[in-house]
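**Student:** Listed below are the residues making up each chain.
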Amino acid sequence: MRRFAALIETLDGTNKTTKKVAALTQYFKEAPKVDALWAVALLSHRRPSRPVTTTLMRTWAAELTKLPEWLFEESYHIVGDLAETIALLVQKEGTASPPSLKDCIEEIIALKPKTEEEKKRYILHQWKTLSHLERFVFNKILTGGFRIGVSQKLMTRALSKAVRVDETILAHRLMGQWSPQTTTFDQLLLHPILKIKFLSPIPFFWHTL
Amino acid sequence: MPLLEFTSKGIYCKQADVYLDPWRGVDKALISHGHSDHARWGSKRYITHHTNVPILQHRLGKVVVTGKKYKETFRINGVQFSFHPAGHVPGSSQIRAEYKGEVWVFTGDYKTQLDGISTPYEPVHCHTFITESTFGLPVFRWEDPTKIHQQINQWWAANQAEQTCSLLMGYSLGKVQRLLKHLDPSIGKIYTHGATEQMTEVLRPFIDFPKTELITPATSKKVLEGNLVLAPPAVMGSAWMKKLGRVSTGYASGWMAFRGARRRRAVDRAFVLSDHADWEGLLSAIKATGCENVITTHGYTELFAQYLNEHGWNARTQKTQYASETEEILSAE
Chain L
332 MRRFAALIET LDGTNKTTKK VAALTQYFKE APKVDALWAV ALLSHRRPSR
382 PVTTTLMRTW AAELTKLPEW LFEESYHIVG DLAETIALLV QKEGTASPPS
432 LKDCIEEIIA LKPKTEEEKK RYILHQWKTL SHLERFVFNK ILTGGFRIGV
482 SQKLMTRALS KAVRVDETIL AHRLMGQWSP QTTTFDQLLL HPILKIKFLS
532 PIPFFWHTL
Chain X
638 MPLLEFTSKG IYCKQADVYL DPWRGVDKAL ISHGHSDHAR WGSKRYITHH
688 TNVPILQHRL GKVVVTGKKY KETFRINGVQ FSFHPAGHVP GSSQIRAEYK
738 GEVWVFTGDY KTQLDGISTP YEPVHCHTFI TESTFGLPVF RWEDPTKIHQ
788 QINQWWAANQ AEQTCSLLMG YSLGKVQRLL KHLDPSIGKI YTHGATEQMT
838 EVLRPFIDFP KTELITPATS KKVLEGNLVL APPAVMGSAW MKKLGRVSTG
888 YASGWMAFRG ARRRRAVDRA FVLSDHADWE GLLSAIKATG CENVITTHGY
938 TELFAQYLNE HGWNARTQKT QYASETEEIL SAE
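Residue numbers (the numbering used here), protein chains in the order written: chain L, 332 to 540; chain X, 638 to 970.
Same shape as in the complex, but just chain L (with noise of 0.2 Å):
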């Protein structure tokens, strides 16, 4: 989580394409591998499906901060986006060791069937000892809206430079119906089985597989 929250802070704090690759690939070089597929579904639009109502974060968020609700809500009014308003909010310094990216998504995963107050002992601790960044980056994963100005062929190419296996090649992996929860990166990205190819809807990238 603290690695990932990292790449997004440097990612959004430059314009520079050379400099985005340039930090994605170093993230898909040295982050554990069932870390890194899972930085490859959200960068790729495979977001869990959000657990919890945003009236109920908001809820939820003024009474953490005990603020009342009128002024959360201008506050939301002005900085203009939820995940960072609360992420400002919550004036918490964070704990030492976060959640890895994985086990942060599959408990966001996890959440979706339990009870409402379930939930909200979850997350209300996530805010509190998560650090400012990482609470940022909680909540987007959370709230699903994760838009931090990286395509997925940008994406595409840090992977390729990180794993040297050809760009089009992993675009054509990439493709389709995949879960991290249901396969691997090596799986995936590295080895696909090749009963794989006979799925593909683009007949021409056969002969590269």
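Derived from the structure by calculation, the hints contain no laboratory data.
Please note that a few of the clues may not be correct.
Straight-line Cα separation of at most 27 Å, DSSO-like style, residue types lysine-lysine; simulated pairs [what the hints assert, rightly or not]:
#, chain 1, residue 1, chain 2, residue 2
1, X, 956, X, 646
2, X, 858, X, 880
3, L, 350, L, 484
4, L, 423, L, 443
5, L, 350, X, 705
6, X, 880, L, 347
7, L, 347, X, 858
8, X, 705, X, 665
9, L, 459, X, 784
10, L, 350, X, 848
11, L, 347, X, 826
12, L, 350, X, 858
13, L, 423, X, 784
14, L, 350, X, 859
15, L, 347, X, 956
16, X, 924, L, 397
17, L, 347, X, 859
18, L, 350, X, 880
19, L, 397, L, 350
20, X, 848, X, 826
Using the hints, position chain X against chain L.
**Tutor:** Below, chain X alone, put in the same frame as chain L:
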């Protein structure tokens, strides 16, 4: 009749016939600090803290200006005035006015954080507190500035390693000197834009700064490689900036607290560093004055006043011509 009232020319003390930070020319003006929305041209006589005297003379030309020490009291027609440290920029003062036991304080701009160049903010007891509220929203909470200065030096060192010039932008009076004071000269040389250099020269007699060198048309791109340039934000994207060669741009401002604002600025690095009080700073300052009445003058005035009203103060807002958006002053620099 209130001791201080708000007129079309500025904050007015009728008993003493003086204005505080007037936005039109008047006979006698008490000035809180040297920023252009507070120290305006056209008054016959200015009274301010002595550090502001050369700043006013630099900005307003030949004006009649008297300097006072902090806490030095002086009377005008029975009203006792004094200047008290506001911690905003060098020379910045709160203005205290007392008449027949009633005390009003006008803050100008202030911050409760230490910046290493301004005399630290001191709370002043009063009945009515006229306060700025530029960052009067709970989303604004500043980090420890030493951390920000470390980030700036790290950014510079990383650029130095790539032989790229670091262009660090901030407001010419206060912010740039605060940045300069905390730069690590062992990383490289520090160059300045004309506006920055002039204001820094004005302040050098009061504050010990690292050495700077003015950029002239003769300065080559080659000598700037790996070094740092201090300049006002208006240079962003200008022909002047293009002459610096390959640069990494950095901008220091409280407004950089928001992701959206950072993206709009489109700089390579944004540093959240403000010379205004944040939410906690404003609240702690108000509590420390022991005041009953609060008048908010610029910034998120209405929201801040509403919050204060709900928490036991008698607060209202008053429209003034002080820039609530520091960005406006920045682009005018």
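**Student:** If a hint holds in the structure, say so; if it doesn't, say that too.
**Tutor:** So, going through the hints one by one against the coordinates:
no.: 1; hint: X/956 <-> X/646; result: 12 Å, holds
no.: 2; hint: X/858 <-> X/880; result: 7 Å, holds
no.: 3; hint: L/350 <-> L/484; result: 15 Å, holds
no.: 4; hint: L/423 <-> L/443; result: 26 Å, holds
no.: 5; hint: L/350 <-> X/705; result: 52 Å, violated
no.: 6; hint: X/880 <-> L/347; result: 20 Å, holds
no.: 7; hint: L/347 <-> X/858; result: 21 Å, holds
no.: 8; hint: X/705 <-> X/665; result: 15 Å, holds
no.: 9; hint: L/459 <-> X/784; result: 22 Å, holds
no.: 10; hint: L/350 <-> X/848; result: 32 Å, violated
no.: 11; hint: L/347 <-> X/826; result: 26 Å, holds
no.: 12; hint: L/350 <-> X/858; result: 23 Å, holds
no.: 13; hint: L/423 <-> X/784; result: 16 Å, holds
no.: 14; hint: L/350 <-> X/859; result: 23 Å, holds
no.: 15; hint: L/347 <-> X/956; result: 42 Å, violated
no.: 16; hint: X/924 <-> L/397; result: 18 Å, holds
no.: 17; hint: L/347 <-> X/859; result: 23 Å, holds
no.: 18; hint: L/350 <-> X/880; result: 23 Å, holds
no.: 19; hint: L/397 <-> L/350; result: 40 Å, violated
no.: 20; hint: X/848 <-> X/826; result: 8 Å, holds
Checked against the numbered hints above, the structure breaks hints 5, 10, 15, 19 and satisfies the rest.
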